[in-house]
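Protein chains: 4
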Amino acid sequence: MNFASDNVSPLCPEILSALEHEAYGNAPAYGADETSRQLDAAFSELFDREVAVVPVATGTAANCISLSALVSPFGGIVCHHEAHINEDESTGVAFFTGGAKLMPVDGPAAKLEADNLDAFLASRVDRGVHSVAPECVAITQATELGTVYTADEVAAIGAICKKRDLRLFMDGARFANAVAHLGCHPADITWKAGVDAISFGATKNGAQAVDAIVLFDTSLRGRVEQARKRSGHLYSKHRYLASQLLAYVKDDLWLRNARHANGAARTLCDMLVSHGATLAHAVEGNELFVRLAPELAQRMRDAGALFHPWPSLGADIYRFVTAWNTDIAQISELNDRITRN
Amino acid sequence: MNFASDNVSPLCPEILSALEHEAYGNAPAYGADETSRQLDAAFSELFDREVAVVPVATGTAANCISLSALVSPFGGIVCHHEAHINEDESTGVAFFTGGAKLMPVDGPAAKLEADNLDAFLASRVDRGVHSVAPECVAITQATELGTVYTADEVAAIGAICKKRDLRLFMDGARFANAVAHLGCHPADITWKAGVDAISFGATKNGAQAVDAIVLFDTSLRGRVEQARKRSGHLYSKHRYLASQLLAYVKDDLWLRNARHANGAARTLCDMLVSHGATLAHAVEGNELFVRLAPELAQRMRDAGALFHPWPSLGADIYRFVTAWNTDIAQISELNDRITRN
Amino acid sequence: MNFASDNVSPLCPEILSALEHEAYGNAPAYGADETSRQLDAAFSELFDREVAVVPVATGTAANCISLSALVSPFGGIVCHHEAHINEDESTGVAFFTGGAKLMPVDGPAAKLEADNLDAFLASRVDRGVHSVAPECVAITQATELGTVYTADEVAAIGAICKKRDLRLFMDGARFANAVAHLGCHPADITWKAGVDAISFGATKNGAQAVDAIVLFDTSLRGRVEQARKRSGHLYSKHRYLASQLLAYVKDDLWLRNARHANGAARTLCDMLVSHGATLAHAVEGNELFVRLAPELAQRMRDAGALFHPWPSLGADIYRFVTAWNTDIAQISELNDRITRN
Amino acid sequence: MNFASDNVSPLCPEILSALEHEAYGNAPAYGADETSRQLDAAFSELFDREVAVVPVATGTAANCISLSALVSPFGGIVCHHEAHINEDESTGVAFFTGGAKLMPVDGPAAKLEADNLDAFLASRVDRGVHSVAPECVAITQATELGTVYTADEVAAIGAICKKRDLRLFMDGARFANAVAHLGCHPADITWKAGVDAISFGATKNGAQAVDAIVLFDTSLRGRVEQARKRSGHLYSKHRYLASQLLAYVKDDLWLRNARHANGAARTLCDMLVSHGATLAHAVEGNELFVRLAPELAQRMRDAGALFHPWPSLGADIYRFVTAWNTDIAQISELNDRITRN
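Protein chains in written order, with the working numbering: chain A, 332 to 672; chain B, 332 to 672; chain C, 332 to 672; chain D, 332 to 672.
Treat the hints as calculated values from the structure; they're not laboratory data.
From the three backbone atoms N, C-alpha and C, an ideal C-beta is built for every residue, glycine too.
Facing chain A, from chain C, some residues (calculated, C-beta under 10 Å): (1) P404; (2) F405; (3) G407; (4) G423; (5) L433.
One chain only, chain A, in its complex shape (with noise of 0.2 Å):
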C-alpha cells in the first residue's frame, strides 16, 4: 500500500516485453536503428502532426534539455512556484540553459492562469540589458498538485504567449494522467493551444526509465540533440529507450495505464472522504492532497499505507499518488483495516 509515490511502482508487463523483445541481435547504436527510427513517425501520428522526438532517461532532463534549446542563457522562464523545474531539480535549469531565470508565479493549485500572468508580464518593466526578460512559459500538465489544465486554459496561456512572442513549454511528467482526466486529443492541450515543446512522460506511468523530448518546432532538434549528447544523455544502446515508449503509445498503454491510476485516485479520495478526510484540491489526475485528522493519519499508518506529509501545504496535509499498478482490492482492504481499528 505505497502511496508514496508513482515513481516507486515497477515497469509494466508491456514495457518490460518490450525490452525482452530487444535482448538478442545487434543493432546499430546512438539511434540509428530499426526500433528508434520509428519514434517521429509514431508520435507524428499520436499529435496528428509532424514532431521531432528526442528520448531522454529523466524527466529533469527532458525538462532542461528541452528549455535549453528555447530560451537564452539572459532570459527568464516563467512557471509556478510549485514548478518541479522551480522545486525538485536542483538549479538543473540555470545548469543546462547557461544561466537563465525562473522566475516563479502564484496560482491556484499549482496553475498559472492567463489573466494573472499577463498581468505579471505587463508588470515586467524593462530595463534592457539590466533587467532579464522573460523567453518562455513552462506549465505543468497535470500539475504538482494533481489539477489539470483545460484545453482551453493552454490555449488562453498559449496565446499570451503568442501575443508576447515567448516560447511555451510543457512539462508533461503525468502528460498521460491529464490526457485521460480530459478525454482529449494530445493535440488539442500542445501544439493545437501554442505548445512548442513537451517532456513527455512514461517513467511514472509504466514505463522504466524515459521521458519524450517531443517538439513541435522541429527546428530545435539539432541544438537539443547536442545539449542530449554533451549532457551525457545520449544512450549509446539507444533502442532501449525508444522500444520503451513506442510500447508505451501502442494500443493507448500510456493512456490505459493513466486510467487506471486516475481511477484508483478517486476510488481511494472517495474513501479518505468517507473517514472524515478533505480535499485540499480537485482530484484530477492520479495525485491526491488531502487533509487528514491526526488520528485518521495514524490509523492509516497503522493499517500499512505509506504516504508523505506535504507541509508546504499545510500541516495536517498529505499526499497520496497512485499509479498504473495501484491495487483496487487494497483500497478496500485499506478501508476495512481502519473501519475496524
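Chains B, C and D: place on chain A using the hints.
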C-alpha cells in the same frame, strides 16, 4: 557479423533477469530501495576497500560528473589526445566542470607514459591566474585503441600525480576488458595505484545502460550526487540501475563477459592476420585496429562484416570491436567466406 | 539638476589627481606595482582587521565574483526582492556561480528582517539533492530604496547566518552613504556583525570606476582572484584601480563625499515635502523615493530637474538620487522655480 | 628601462586629457551620454564601413565576450597554440561561451598559415554530436610573438573561413602595432579580409584601460551587449571608456603611439644584435624575442634593464617589449652601459 562497436550488442541474459526481478512490487525511489542500498557493499567487496558508488546510465555522464568533483572551473585535465573525454563527448567536460580545460598529450597506442607526463607537467610555466594549472590526470583503461595499462604503468602515473598534487581519474568504460586481460585484482590498477575515482563501465559489456561512478575518495560522494541530480542523471526508479550493476558484478559476470569479448578479439585478430592484415596496435582488450589491403577490406564487407574505417590512424586502418555476445562460429564462417571469395 | 542617478556624476578631483599621479613612469602590471600593494594595508586599517582586497571596475563584477567564492553551483542565495543582484544584474549571479539560485524574500523598505529571514529559512523543506539549499544571505547597505541597516540589524542577520551555517555577503555599492548615515565604524556593520565579504563601492561616490571586493575571510582570496582573471576583470594597469581606491579612503574622502550626498538628499527631501511630496521610504542615504502629485512632477520637470518614475513602488512614485557633486544652491534654485511656476 | 611589457606603461597625455575633460558636469550613465554616442560613427569612419562598437576595459573581456557571440556552447575555436585566449586567459573562453573548446594548431612565429589551417579543418572527422565542430577561427594581430599577418595572409584565412562557413575573429590587442607596421588601411586586414569582429586594443598602447569590441557584423550587437552586462563589463560611467577610445583614434594617436613603439623595438633590436643577440622571430611590432648569451643577459640586467625570459621558446630566449613611451635615449644609454661593462 557486426564489429562496428560493442555498443551494438544487446543486454545479456543475466542483466535481463535482474530487470525482470524488479518488474513486480513497489520500492522506494531515488536509491532508497533495498537493491540500491547493496551497491556500496558489493563494490567495496569487489575493490577490497570502502568505496562510494553512484550509478548513472552513460559513460559520458560517469566521466563528466566524476571530473566535476575532481577539478575546479579554473583547472586543467591532462589526458591523451585520443581520450573519449577529448574526442567523443562534445564539450561535456567544460559543461560539467564549469570550464575546466582538457590538456591533451601524446603517447603510443593512446596511453600516457609516466615519463612523458612528468616532462609535460614540468614544462608547464605557471603564470598564476593567467594560465591554467593541471589539477587532474585522466587515463582510459582499456584505452580507446584497445591497449591496456599494466598495474605498474598506472602506479607510475599515480606516483607522479601524488608528487604533483594532482587527482587521478580513470575512464573505465572497458575496465572489465582490461582486468580480464591483465588477470589482476581490480584494486591493483585503481586505488592501490593512486586512482581517486573511476567510471566503471557496464553498458558496453552486457548491461542495458549503466556505468558506475566508483569513488575511492568517498568524501566526494556529496558533490557527485549533487552534480548527478542537477544534470538529470538521478533515476527515480533507481533500482533499475542498481540491479544491473549488482548482476554485473555477481559471480564475475563482468569478467566472464569481458574474457569472452577479449578472446573473440584475439580469434578475429588471428584470422585477419592469416589473411594478410597487420596490427596497428597490440590487441589487449576487445578492440582491433588493423591495416587491411583495400581488396581484403572489400572481401570482408562482401562477406557481411560490419566495421569502421579509422582515418585518424591512417587511410587503410580499420577498427573491429567484439563483445560479450560475439559468436566465435561466425568468425569461422567469415573466414570461410573470405577465403572462398 | 540631474537626479537620475549617482552614476551620472563625474569622478571627483581627488580621484582625478590620483590618476594623474600615475600618468608618468612605468610600473609593474597586474597588481605588482607599489600602489596596488598598499591596498591590503589601507583597507585593513580602515576595517581594523586583516582583510584581502581585490579591486574590480564595476559593482556587478564585485558582487558576482564575491558570490562565486561564497556559494557552490548547487546553492541558494537569499536576498531581498529589490536587491541589485536580483533585479539589475541580468543573469550574472547564475553565470559567475555556475548556477546558484537567487531566493528573493520580502521586507519593508528593501531590508531583510532577521525574524522573517529566520522564518523563511526554517520553512525551507530540505529535500536533499532535489531542492536548493540556501548557502548565503546577501544584503545591500545602503539598500536599493535608500534605507540603511543599523549595526544591530546586520548583527541579527549575521547571527542567523552563523546559526544556520550560511555565508553573509554585503553589497556595498553605497556603503559609504550607510556609514555616513550611521556614524559608525565600518567594522561595526561588517565583520563584527558577521559579514564574510563586501563589495565596497566607490564608483557611485566619486570614483571613475572601481569597486573593491573586501574579504574578511581572507582564505577566499585565491578563488576570488581566479574568478576575477577568467572573467576579464583583472586590469593589466592595475594601479589605475588601486590609486582610485587609495585616494578614496584617504583622509575620509569616501565619507566626506557620502556625507555631502546624504545632506543634499535631506535638503532636497525637505524642499519636496514643503511642496506637498510625501516619502515612500525614510531618507537615510542619498536616495529619495517620494510620491509626487502629477502637477508637481510636471513642474519639477519644467524646472529642469531630471529624475525617474519608480513604477514598482507605485504609479506616482519617483526616485531622486544625489551625489558627491550635487549643488545645494541648485536645489534652492529648483525650489524657486517650482515656487514661481 | 622597463621592457617587461607594454602594460607597464602609463596612460598617455592625450588619454589623460580626455579623462580630465569628463571630470566635470553630469552625464547619462551606461552609454547614453554624448561622448559614448559618438563611438559608432568614429569607428565606422576609421574602418570605412558601418560598425558597432562595444567598449570594455580589458582584452580578456573583449576577446571572450566577442567569441561568446560567434560560437555556440558546442563549438570549437581554432587558434594558434600561442594565442592569448589559449595561454593567458585562464578558462575564460569556456566560461563566456558556455563550454566552447579551443582547438590549438601550430604555425611559424605564432601565425596560422592558411594552407595548414585548411588541412587541419579538412582532417577533422565529423562525428556529429559526439565531436566538436569548429565554428570560428581566431587570429591575433600582431601576434603574441611580435609578428604581423599581411593583408593577403588574413584574406587567405578569411577565404577558408568563408568556404567552410566559419566565423573569423581577430584579437587586436596590438592591432595598432600591426597597422603601423603594414602601413595599410585598417579595413584591409579586417572586414575586407573576412573578419567578423575584432577586439581593438588600446590599453597596451597608451590608454588607461579600454579595448573596443568592433563588430563588422552589426547584428551581433544585442548579444554582445547582453553578455557584457551580465559579466559585469558594462561601465555605469561609460563615458570614461568612450572618451579614451575617441581620443585614441583622434588625429591618428593610436598609430602615432604604435609607430613610436615599433620604432623603439627596431632600435632596441639593432642595439641588441650589435652585441651578438640573434632574433628568434622577425621584429614586426613592438615585441622582440631574442637569443642572448647568458653573459649578455646578465650585463643587460646589471645595466638596469627589465625583461622576461621566454622559456617556451627556448632556454636562452628573452622577450623585450617597447611601448608608446619608450625613451630612445634610454636605449642609447643602455647600449653605453653594456658596452662599458
